[in-house]
Amino acid sequence: MKEILRFAQNDKKADDSKNIEKKQNMSRIKVELRKDQIEKIGEICQSFNNEPGELINVLHKTQGTFGYLPAEVQEVIAKNLNVPVAKVYGVVTFYSFFTMIPKGKYPVSICTGTACYVRGAEKVLDEFKKELKIQVGETSADGKFSIACLRCVGACGLAPVVMVGEKTYGRVAPEMVKDILAEYKD
Amino acid sequence: MSDFKIHLLVCGGTGCKASESARVAENLKNEIAGQGLDDFAQVITTGCFGFCEKGPIVKIIPDNTFYTQVSPADAKEIVDEHIVKGRKVERLLYLNPENNERVSDSKGMNFYKKQLRIALRNCGIIDPENIDEYIAREGYEALGKVLSTMTPEEAIAVVKASGLRGRGGAGFPTGLKWELTRQTKSDIKYVVCNADEGDPGAFMDRSILEGDPHSVIEAMAINGYCTGASEGLVYIRAEYPLAIERLKTAIRQAREYGLLGKNIFGTNFSFDITLRYGAGAFVCGEETALIHSMEGLRGEPTLKPPFPSVEGYLKKPTNVNNIETYANIPVIFNKGPEWFASIGTEKSKGTKVFALAGKVNNVGLIEVPMGITLREVIFEIGGGIKNGKKFKAVQTGGPSGGCLTEKHLDTPIDYDNLIAAGSMMGSGGMVVMDEDDCMVDVAKYFLDFTVEESCGKCNPCRIGNKRLYELLDKITKGNGVKEDVDRLINLSNVIKDTSLCMLGGSSPNPVLATIEHFRDEYEAHIIDKRCPAGVCKALMVYSIVEENCVGCTACARACPVGAITGERKQIHIIDQALCIKCGACMDRCKFNAVIVK
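Here the protein sequences line up with chains A and B, keeping their order.
So that you can map any letter, position 66 of the first sequence is 66 in my numbering, and since no number is skipped, the others follow by simple counting.
So that you can map any letter, position 456 of the second sequence is 1456 in my numbering, and since no number is skipped, the others follow by simple counting.
The following block holds chain A by itself, in its conformation from the complex (with noise of 0.2 Å):
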């Protein structure tokens, strides 16, 4: 039972200290929407005539948009649709397809449905954290990439998959990590 006991405790710590670096990151992001950008919002609500019950679709078109969905732009919406901020954050956040931290330029996606996972990806997703210092949901200093996991991309002849931007890789070893990520130099 005290194994239990500590067991519990050292993953709650582990879980608050990825908690406070997590909000860490949201805070840096405090972003202020131009008029443009609010405008076009409220575009977007109103090509699905402001429905509340469209909710999802919103998010889909506005995150398309703007790459992420901030706090602020939440806000936008929630007025929009005269839905509370609460029930858009509660969608936002249930959904593992919207982000409220914007994607690196050449998003990694590592494949770890369990076709991949039993042919190493997860080997292959510890030579991308080491190599660009980063844990997954996050994104490298520079902006550059961001490391995200997918669950099966549907193509489970090529396991382990990885993709970056649209482009996918098949066959992935974790040797081949190195030369994927010098393909995008730029």
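FYI, nobody ran anything at the bench for these hints, they're computed from the structure.
A virtual CB, placed ideally from N, CA and C, is assigned to each residue, including glycine.
Hints should not be assumed to be uniformly reliable.
[What the hints assert, rightly or not] Restricting the straight-line Cα-Cα distance to at most 16 Å, the calculated cross-link-like pairs of lysine to aspartate or glutamate (EDC-like) are:
| no. | chain 1 | residue 1 | chain 2 | residue 2 |
| --- | --- | --- | --- | --- |
| 1 | A | Lys87 | B | Glu1295 |
| 2 | B | Lys1537 | B | Asp1473 |
| 3 | A | Lys103 | A | Asp142 |
| 4 | A | Lys123 | B | Glu1020 |
| 5 | A | Lys167 | B | Glu1020 |
| 6 | B | Lys1537 | A | Glu122 |
| 7 | B | Lys1581 | A | Asp126 |
[To be verified] Here are the computed distance ranges between Cβ atoms for each label pair:
| no. | chain 1 | residue 1 | chain 2 | residue 2 | range |
| --- | --- | --- | --- | --- | --- |
| 8 | A | Val85 | B | Asp1038 | 57 to 63 Å |
| 9 | A | Glu32 | B | Thr1274 | 34 to 40 Å |
| 10 | B | Glu1523 | A | Lys167 | 42 to 48 Å |
[Claimed, not checked] One side of the interface only, derived from the structure: several residues of chain B facing chain A at Cβ under 7 Å:
| no. | residue |
| --- | --- |
| 11 | Phe1040 |
| 12 | Glu1053 |
| 13 | Gly1280 |
| 14 | Glu1295 |
| 15 | Gly1296 |
| 16 | Met1433 |
| 17 | Asp1437 |
Guided by the hints, dock chain B onto chain A, whose structure is given.
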């Protein structure tokens, strides 16, 4: 299609596209145009052939030549040799690993021999972006027949007689579901296609949408007629851009042909389809969660009853079916329910599509009759285990399923047999594992997934799964105690019994199944502090083989924590208390003196 003498079918599925199949198609087109063969040969980009292992695939008809691993540079040779001179390009033909002979006709390949394609009937054959090709293969005939010659009740009776069960996982009889929605009285009803494929390692729904989107549209229209709905919704993952694009094209074409919209086939039945996008939440595969997500809410499940057939989307009666279920419907009407019911086992009719993946030689998408054995799937269709390793288990049903082992190899696969064996059909993911996979680690992997995907609404699932994960994590790190196995079993049963929806109700299955079949592996981790498969990092022990060590000090210099000691030209020693098991010493050693156990 008949104007051309030769058709070159190039796979445009996600797997092949990732290996440059789009450039293969482009080069073939250019080459054909360059040699003035435009009127003679035509390049068609199709949906998935299924044989993803050896992609990109190019198939040439009428002679059925099946080229594998075609690169863009091979285009010229294919046109010069095959199209112009009529000689097959030997080196691109599939090499049968059993006898080292090249197989030119796909019908002769073990991968296809035991398959029966109903849901995938058009995948890899037609151009999914051309409605005429679908129509040429009996497309929309079933819809015409149903609308002009049957009452909704008669059509439902056909579906019931076929014995078709839901392909999304639970296996609920489809005809019965339609009847329940039909019986609820309401001015508005909806039919919903669940295309939110969330099971990691399954990609059949995406392949059907990418390869044959019209079959789903046709079936949804039939479903609308039978249940009394005039609006259809497809709930699709935003992560599937190609499938979304092809579905949108297909819907547009169907509208142009009057197959969607008002007064279809001149009857007074009107039906149209719109798309709703998922945003990456596994729990949205559960129908009540899916409905909430379509309403713009968090995808949290609600208690059933009321069932969606009574109160669903916007509180109206809603019929939710999975893509693969829909893909079977037109064939049932075209060939008759008796034909469909003649395939499969007593309680599971027809075929099932599986995404065969993991440590198997032929990874890909397969469709087999219900009742086939695992042995046939893995060793005949799948071509056995990669690198000649030993088969250990196959995981079916994804995070909700369990694993089947050697003793299940000859069990006929159907809904009921899989449940009896402690697993489930699920959506059809089938991940094969070999002796190098640690089953405790696999259980941990699935729990990690469940913890991430639990919607958080009810305690057993939100807290219980997290505790299960912690126990498993503890065991894989070598800190497990004997009582932990019983704790895992007790907690699993509590979570199963008390969760609201099937996510929590099935999430402990991977734990229970691995304990049942591989208890010895759990015990090895807990008692001997050893991972038999050599996967769990914390349990690995790096050591130096005295005979091989030359005392070059390379390993000591590579060690980031200074755990290796030893003078130059003397045998080095690893201090196990300091070692962080990073493996740097092993990578550096040129004399194979560092080993890991």
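Hint check against the structure, violated hint numbers in rising order: 4, 11
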